[in-house]
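S.K.: Each chain is listed here by its residues.
Protein chains: 2
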Amino acid sequence: MKLGIIGLGLIGGSMAIDLRRKGFAESIIGVEADSVNAAAALKIGLVDEITTLQECAASCDLIILSVPVGAAVRMLPEILDIFQEEIKNGNSCKKTVIDVCSTKEQLAKTVHYHPMRARYVATHPMAGTEYSGPWDAMPGLFDGRACIICNQEESSPASVHLVEKMYDCLNMRPIYMNAASHDVHTAYVSHISHITSFALALTVLDKERNEKHIFDLASGGFSSTVRLAKSNADMWVPIFSQNRDNLLKVIDTYIEKINAFREAIDGFDEDGIRSLIEDANRIKRIIR
Amino acid sequence: MKLGIIGLGLIGGSMAIDLRRKGFAESIIGVEADSVNAAAALKIGLVDEITTLQECAASCDLIILSVPVGAAVRMLPEILDIFQEEIKNGNSCKKTVIDVCSTKEQLAKTVHYHPMRARYVATHPMAGTEYSGPWDAMPGLFDGRACIICNQEESSPASVHLVEKMYDCLNMRPIYMNAASHDVHTAYVSHISHITSFALALTVLDKERNEKHIFDLASGGFSSTVRLAKSNADMWVPIFSQNRDNLLKVIDTYIEKINAFREAIDGFDEDGIRSLIEDANRIKRIIR
Chain V
4 MKLGIIGLGL IGGSMAIDLR RKGFAESIIG VEADSVNAAA ALKIGLVDEI TTLQECAASC
64 DLIILSVPVG AAVRMLPEIL DIFQEEIKNG NSCKKTVIDV CSTKEQLAKT VHYHPMRARY
124 VATHPMAGTE YSGPWDAMPG LFDGRACIIC NQEESSPASV HLVEKMYDCL NMRPIYMNAA
184 SHDVHTAYVS HISHITSFAL ALTVLDKERN EKHIFDLASG GFSSTVRLAK SNADMWVPIF
244 SQNRDNLLKV IDTYIEKINA FREAIDGFDE DGIRSLIEDA NRIKRIIR
Chain G
4 MKLGIIGLGL IGGSMAIDLR RKGFAESIIG VEADSVNAAA ALKIGLVDEI TTLQECAASC
64 DLIILSVPVG AAVRMLPEIL DIFQEEIKNG NSCKKTVIDV CSTKEQLAKT VHYHPMRARY
124 VATHPMAGTE YSGPWDAMPG LFDGRACIIC NQEESSPASV HLVEKMYDCL NMRPIYMNAA
184 SHDVHTAYVS HISHITSFAL ALTVLDKERN EKHIFDLASG GFSSTVRLAK SNADMWVPIF
244 SQNRDNLLKV IDTYIEKINA FREAIDGFDE DGIRSLIEDA NRIKRIIR
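Taken in sequence, the protein lines are chains V and G.
Each residue of the first sequence is one higher than the one before, counting from 4 in this note's numbering.
Each residue of the second sequence is one higher than the one before, counting from 4 in this note's numbering.
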């Protein structure tokens, strides 16, 4: 299997490591717009060569599009166009392309009527760290996590099967959902936690001007709550923008909850504070 | 050294483990109101015996008050009263008592004029987890972290010296601060992160009624951001209540930051979102 990876950051790079190690990919071709990242990915050995999107799409059996979702919306139709060229040239096309982006609906709409739509599988592996770039790629990143596959009825069974096999190699559990539901549920669970973490960092940096105090007073608790605030703007700006409507609803609920704490604390209402905390503690049942 | 620990939870229990292991305490006497926790602490071997607050304060050289701060405000004067009895009985008193609570000003005010004030040292070791109870006590919890010592000029040099030696045994860095500053800075850095995490748990539990979705869609990022929402109400209700004024200020700043995100997302203002995220990213310089 000749694998192409477009975007050699944390996700693309970590996939390269494990898919090569498990024998799924015999050779891996990379595409990377940032020349420093491209050179690093080659040097680390994530990929065997760096090429262009056109050449990658023309020569690989499976292409992983692991770029920020704003770029993915532009690149995905280009890749499907290249697939279509092969058909026009009288060849058959057995290639498959997947994306690994955190929002799915805009991508789904963009290629819904593309004649090669069936060769695309929309996926979202639920794994990552707050770091980015090929040097942060790591083995085992996906191990045991869930991977969402969206609108699989629009993809060809052969492409879906190949992608399921690939995620099985990464030891991921597949979950099937339509793109619109995906975006609702990821806003509710994943995207809002990035907003709360960015806002926490901004608050602490604003109120506590003495950076040494932040360092000294940061217990493990603060470090873990603010961890996501280190996340990359290139990745998160288009996610927040594309998932606007769902995010606004969950932000409004979040502001209500913060205000409930504010009121209870302001009114010396210890029973009210206790009942909010005990309600929140129910998360223990779900997240160990 | 005969050590007394009042409150055998995560902090008291973890101190017991390391102070015995390092040879600082030859015997450890525990006081614990909850009979299940008391039996567990004995069974695990955290303490050699369980006794009453009165007997503990009368027989130990150093007493660690590791109970929620609401209880500490009641117990600390009782312990100093017992110290004073010894003086009244014509003996000298070389005992020391410390607390390990997360708010310091109310405790400081409560015993400011007590004749035995000098035998009390106010401390706050900046370590913990979201768990509580003697079974969650662990070795090395304090290793390499900061420990705040407040208003040390009100404590006798001998007591301060003993307490510094104890924290040195736990490999903690001492930081000196007055009680009022402590409460401002911990509100800014530590307490607000608990509020944001409780509110996140409430939001997700409210919006996402399907618990399986929460489990499936929770990447490592969500788990780490919501971790503190598992924290114990008995500990946090009195902290939020005692640190009300500082907390209200930092909650208001936090709501401003969340609203800034809301506005930028609502107005499709990608430059605005980017600039908020990049501002928040400055936390990387401080928290690795």
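Careful, some of the hints might be misleading.
As the list claims (entries may be wrong) - For lysine to any residue, the following SDA-like pairs were computed, each having C-alpha atoms within a straight-line distance of at most 20 Å:
hint : chain 1 : residue 1 : chain 2 : residue 2
1    : G       : K210      : V       : L251
2    : G       : K287      : V       : L251
3    : G       : K233      : G       : E214
Hints were generated in silico from the structure; no laboratory data involved.
S.K.: A separate judgement is required for each hint: does it hold in the structure or not?
M.R.: Hint check results:
1. G:K210 <-> V:L251: holds, 12 Å
2. G:K287 <-> V:L251: violated, 27 Å
3. G:K233 <-> G:E214: Between G:K233 and G:E214 the Cα gap is close to 16 Å, so the pair holds against 20 Å.
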